[in-house]
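**Q** The lines below spell out each chain.
Protein chains: 2
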Amino acid sequence: MTRTLALLLAAATLPAVPVVAQPAPAASAQTYAPLFAAEVDRAKRDVDASIRAGVNVPVPKDPGGGFTHEQHKRNYRTIFEGGQLYRLTGERRYLDHVRDLLLAYADLYPGLGPHPAAANQVPGRLFWQSLNDSVFLVNAVQGYGAIRDALAPADRKRIDDNVIRPMARFLSDGSPEVIGRIHNHATWACAGVGLAGYLLGDRDLVDKALKGLDKSGKTGFLRQLDLLFSPDGYYAEGPYYQRYALQPFVVFAAAIDANEPERRIFEYRDGIVLKAVRTAIDVTHDGFFLPLNDAMRDKSLRTEELYHAVAIAYGATKDPAFLSIAGWQGHTVLTPAGETVATELAAGKQKPWPFASRLLGDGPDGKQGALVLLRSKADASGPLLVAKNSVQGMGHGHFDRLNWLYYDETGAVVTDYGAARFLNVEAKRGGRYLPENDSWASATVAHNTLVVDEQSHFAGDWKAGEKVPTRQLAAALDGPTRYSIAEIAGAYKDVTFRRALLMLEVDGLANPLILDILRGTGGGRHRYDLPLHFSGHIIDSDIAFDRKLAERPVLGKANGYQHLWVDGEGTKAGKARLTWMQGSRFYSYHMAPPAGTRFIVTESGANDPEFNLRREPALIQRVDGAADATFVSLLEPHGEYDASAETTVASSARVTALEHRREGDAALVLITLIDGSRIAVVVADDVAAAAKHSVTVDGRALAWTGPVGRFDLARTGAKK
Amino acid sequence: MTRTLALLLAAATLPAVPVVAQPAPAASAQTYAPLFAAEVDRAKRDVDASIRAGVNVPVPKDPGGGFTHEQHKRNYRTIFEGGQLYRLTGERRYLDHVRDLLLAYADLYPGLGPHPAAANQVPGRLFWQSLNDSVFLVNAVQGYGAIRDALAPADRKRIDDNVIRPMARFLSDGSPEVIGRIHNHATWACAGVGLAGYLLGDRDLVDKALKGLDKSGKTGFLRQLDLLFSPDGYYAEGPYYQRYALQPFVVFAAAIDANEPERRIFEYRDGIVLKAVRTAIDVTHDGFFLPLNDAMRDKSLRTEELYHAVAIAYGATKDPAFLSIAGWQGHTVLTPAGETVATELAAGKQKPWPFASRLLGDGPDGKQGALVLLRSKADASGPLLVAKNSVQGMGHGHFDRLNWLYYDETGAVVTDYGAARFLNVEAKRGGRYLPENDSWASATVAHNTLVVDEQSHFAGDWKAGEKVPTRQLAAALDGPTRYSIAEIAGAYKDVTFRRALLMLEVDGLANPLILDILRGTGGGRHRYDLPLHFSGHIIDSDIAFDRKLAERPVLGKANGYQHLWVDGEGTKAGKARLTWMQGSRFYSYHMAPPAGTRFIVTESGANDPEFNLRREPALIQRVDGAADATFVSLLEPHGEYDASAETTVASSARVTALEHRREGDAALVLITLIDGSRIAVVVADDVAAAAKHSVTVDGRALAWTGPVGRFDLARTGAKK
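Going line by line, the protein sequences match chains A and B. Going by numbering that gives the first Met the number 0, the first sequence opens with residue 0, and the numbers climb by one from there. Going by numbering that gives the first Met the number 0, the second sequence opens with residue 0, and the numbers climb by one from there.
These aren't lab readings, by the way, just hints derived from the structure by calculation. Take the hints with a grain of salt, since some may be wrong.
Stated by the list, open to error - Mimicking DSS-like on lysine-lysine, the simulated pairs with C-alpha atoms at most 30 Å apart in a straight line are:
#1 B/Lys214 to B/Lys466
#2 A/Lys462 to A/Lys556
#3 B/Lys366 to B/Lys574
#4 B/Lys210 to B/Lys462
#5 B/Lys348 to B/Lys376
#6 B/Lys60 to A/Lys574
#7 B/Lys156 to B/Lys217
#8 B/Lys462 to B/Lys492
#9 B/Lys274 to B/Lys214
#10 B/Lys574 to A/Lys60
#11 A/Lys274 to A/Lys366
#12 B/Lys317 to B/Lys43
#13 B/Lys691 to A/Lys547
#14 A/Lys376 to B/Lys43
#15 B/Lys547 to A/Lys547
#16 A/Lys574 to A/Lys547
#17 A/Lys376 to A/Lys366
#18 B/Lys547 to A/Lys556
#19 A/Lys366 to A/Lys210
#20 A/Lys43 to B/Lys376
#21 B/Lys348 to B/Lys366
Stated by the list, open to error - Footprint (simulated), chain B over chain A, 3 or more residues, beta carbon under 8 Å:
#22 473-483
#23 604-613
From the three backbone atoms N, C-alpha and C, an ideal C-beta is built for every residue, glycine too.
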């Protein structure tokens, strides 16, 4: 048994020594590297406070954020940390406290029925949803494992039989509707059940965790590894849940590797576990996860899941780029893997994380669409264009095919609302997803993509969306003209739309330009709306808005439109512009939409009886009664405002004209800058890489190969 | 002449050596302390770029933020920095470039008339307002002084006669309506004129700067020192302008001290210049100036003015607390005073700035009211209650007598809108104050103080307000019960109001409670509105609001009310509560207002045709038809939300009851906490420090001396 638990706690590359039998002397704490020493100190403060407060294992009552919820969370952390502290220090009080806590659960747990605050999730025993029970078990096993061999046999038996095993049974045979899914809740359940199985030496539990309750392999952990990540390690539900899902994947994988090294779990499916960790780091900006689908905007790499993931991935790869992430995190885990990270970081072995453009294929085969990240700098907080051409993402997916976001040094510029939820805030419906998560946050109009006839994609039915992939048609990840081209057919019954998003680096401009060419084609006549949700304060516009100054109507009745206040509506012939300011930078959004387009300035927050929504601005381009429509838009970041130095430069746009026309089977866009120079961008309908194309501009023939041609035309001549 | 210019540049305590005649060798740059070395490097980058770009002295045309405006600003910085670099390095190119710039101004300046973009300010020659011309001269003299002795006599004469002297003449005899005021614009003019006088050896200019154009002493720098600061060094226009005004005060004072040490200028009026610097640092939170009156919220101690002020004040005092401010600033000035700061900071001599509660008397005699700062920690970003019981503050003053603000570790909690302005953003009316600065930002309803009959104080006439001081009646700056009591009579014709603001530290609560007792007494029947402007997202309330869900009316017609959207209106018997969340903390605002009070939730932003306003929430307590009214409110910061750890504690309030009644000539407030303990706070009408009072609570006699009594009553007993 000693071997099992030692391995369980060890990083994959560490020797499987029976650490519990030979606890380190207390004085050794002084030799820890700073990052690990800080964790040990923090854990000691927490656990010592818990010891002083005494064992508190309340009868479950409250939903998320309520007292019993938070107390059981504190307890599993105390069990985890207390176990590690005992392993590290050998101090008896840690062993005693963890034992006493677990014995209190041994009294409580067997008598519990479904949680009284259960809502629309599967109820747990300790928590309102069984998911949290799984998290409890994953943590508790790791803490218990560190003290188990040192316990009196009777105590060990009581905890085994009244806590660990019944929890594992509840989460496996007792909850087939959870563990049998291909879903992150099931991964947590598998990890808890599997860890418990290794600890108890219970092969049945381990096999059910790995291969499903029927051990057929149609469900279970390995099947989840097959189906939940794309071959690029992208998790179908999006970055927020990728983060969340990661912890049980890496912790259970490390345990499998330690207990059954012959499985070579880190090489499974071409190294999918480690790919998933790398991709999780890539789907961030400035350390914060891109808030696609249901997502809290304040989640960063500074979370428990990523401390585990980085420590385990570093142990498995020794890639020094993980160390720089650990340095940014400023935290690690209390396990031997965390200690290694801290030691090698202190030795200066870290290298910068190589942030770069990526095309993350989505779906189990990687061919159901993609999440495309275009970056112009190898920098955590530099320009980042995100094209969300991915799959639906199950129940947490939003109706936002071909959505885009833009980030740069000022933060999120073209934004995603994320989820309508106040995590763990009891007064906000127990911290659960709010009604506005369905009525607003997941609706198409809450995103930066095409809305047809004021309906959400797939009529707002995610199960319908699950059946329809997105087509990623082409992409270029490097050079001065990075781009993504994708198409979705089936989001609307009779409208297909295609979008090219391009990141153009231009000599003489400090920031890239973002060009967006969106073309909808369909039968019949439709209302086409293209919203842009942005962050910042409106500076000015050349659109003459009819402002709603003293009464503010609502834009529509349903599908998210009921949540939009109208601030103004206007038209403009030719190119139109809206400029806003965020932080130290200005952003001009230039539009060359179809003739007759109206521009509507809105703000979220209408029909929100409980003040659940944030109030954020958007600009909607609207065309009525069209069969086809092409929206050409250009985002231009410019200028600098410096509050300290009281200087402002380039507060007006450098782009003076934006023109668009069809040239044969291609869209030609001409961008004119203030110095008179022009950039011609041509996007062919034929996306074949080898196809040759040409157009004529100002009597000059421009020829290119592949879907995108770009020609920088000086004032008096042309250069490629 | 060498002596004059050397002294001009030297900190007060440095020897007056002729540094220009013996420039330091270039290699010495490597020996600078880091803070100064960084400034030298930055200045070299700037000036070398200016040298490469060549001399560019355009004909003045644009308003603030426009090209010619920014170019002339760049030029005076280049002159200042280039001069210092020549002094430090002796490198010829710096001398040549500064000379060439000044010679270009010698060609341009004499032919200039009033600036073409002049608006409602006195026009300058180079800039749209003469203020900027003064700033130009203050900088240019300091740069020119560093090269002047090294110039060929003909060049020196041209610059003296065609730039420095005519500028000084324009800003003195040529602008009596500016330099003759008691106002920060006049201080800048005096500083420019006086520095020019010392440099040119022109006693007439110096005397006019010191004592006014008629040399009577009724105006001029010394009179400004008498009248613009209170004896505590508080500047009547408020913190934002205190910062702005500081630079000419300290720079000119340092020059006076160097050139006429016998004036003992740093001892003038009990050391008013240094008091002003200390007070400027005190009127900040987390390094940012409190945005009282017309103020940009993004102004911090990291500004040029404060780099000069800190360097000069450190030179004059050697107080090591200034060094910690310099460390926070991360910048210093290129002068010898800045070099000393950098050297001694590098030597580790700094001490923390002693942030503490302060009562800053306002008005020239310090008896026209006060700004009261109550702090519970000696910490730049800890809890801070601000009671604005000060004078009107001239044309930049807002109509907000007895206003209050609250800050803590999450930032501004109870807020002030500051100014409606986008500094230097040309599209926003040239960067000037916007119409909404008058119609909204300065209106009483935009503040957290009493509005009677929807009118601003003094009917919105600042000149009327100038005549009426505020009465600071009592204050306690230390201990667990800090407070301020003040009264204003005359803001409304027939209503006087008094406000007690108390910061209560309570055993067992992590954050202080803020208690507010505001009592209006008047003849006739009135509408009393008490707004609270706060920062954060509404979590919940026990008020049943009639929500304006699908159409949003405007609250009123004028005096700022036209800018308020109504989100909902409701009533509640007994105590009412609104809870919001900001960052990691929750805030519950408990109210025990007069019977019949309605509660209105609003947001700024209505009737704002140019999108000039930020949209910020407020809660208004409204009583109609009352002669007298007492509003008792309690702000309770509580709980903690941790996004990384996914934990939330104490998201609901600890305060369960708030009661208020008159007991004889005192207001008795009873605060009940969730554990059943109570706090009794009694505020007597008689504010005499020696007056003895008593009340009876639950049959127990509570006696105290002075205006405020506080009694912490345990569940089953009482303790003082």
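**Q** Hint by hint, note whether the structure agrees.
**A** Against the structure, the hints:
1. B/Lys214 to B/Lys466: 27 Å, holds
2. A/Lys462 to A/Lys556: Holds: lysine 462 of chain A and lysine 556 of chain A sit about 24 Å apart, inside 30 Å.
3. B/Lys366 to B/Lys574: Violated, because 37 Å separates the two Cα atoms, which is more than 30 Å.
4. B/Lys210 to B/Lys462: 26 Å, holds
5. B/Lys348 to B/Lys376: 23 Å, holds
6. B/Lys60 to A/Lys574: Holds, at about 28 Å.
7. B/Lys156 to B/Lys217: Violated, at roughly 33 Å.
8. B/Lys462 to B/Lys492: Holds, because 15 Å separates the two Cα atoms, which is no more than 30 Å.
9. B/Lys274 to B/Lys214: Measuring from Cα to Cα gives roughly 26 Å; hence the hint holds.
10. B/Lys574 to A/Lys60: Since the Cα atoms of lysine 574 of chain B and lysine 60 of chain A sit roughly 28 Å apart, the hinted pair holds (cutoff 30 Å).
11. A/Lys274 to A/Lys366: 17 Å, holds
12. B/Lys317 to B/Lys43: Since the Cα atoms of lysine 317 of chain B and lysine 43 of chain B sit roughly 29 Å apart, the hinted pair holds (cutoff 30 Å).
13. B/Lys691 to A/Lys547: 59 Å, violated
14. A/Lys376 to B/Lys43: Between lysine 376 of chain A and lysine 43 of chain B the Cα gap is close to 27 Å, so the pair holds against 30 Å.
15. B/Lys547 to A/Lys547: Distance ~16 Å between lysine 547 of chain B and lysine 547 of chain A Cα, so the pair holds.
16. A/Lys574 to A/Lys547: 23 Å, holds
17. A/Lys376 to A/Lys366: 27 Å, holds
18. B/Lys547 to A/Lys556: Judged against 30 Å, a Cα distance of about 15 Å means the pair holds.
19. A/Lys366 to A/Lys210: 25 Å, holds
20. A/Lys43 to B/Lys376: 27 Å, holds
21. B/Lys348 to B/Lys366: Outside the cut-off at roughly 37 Å; violated.
22. 473-483: violated (count 0)
23. 604-613: Since 7 is at least three, the answer is holds.
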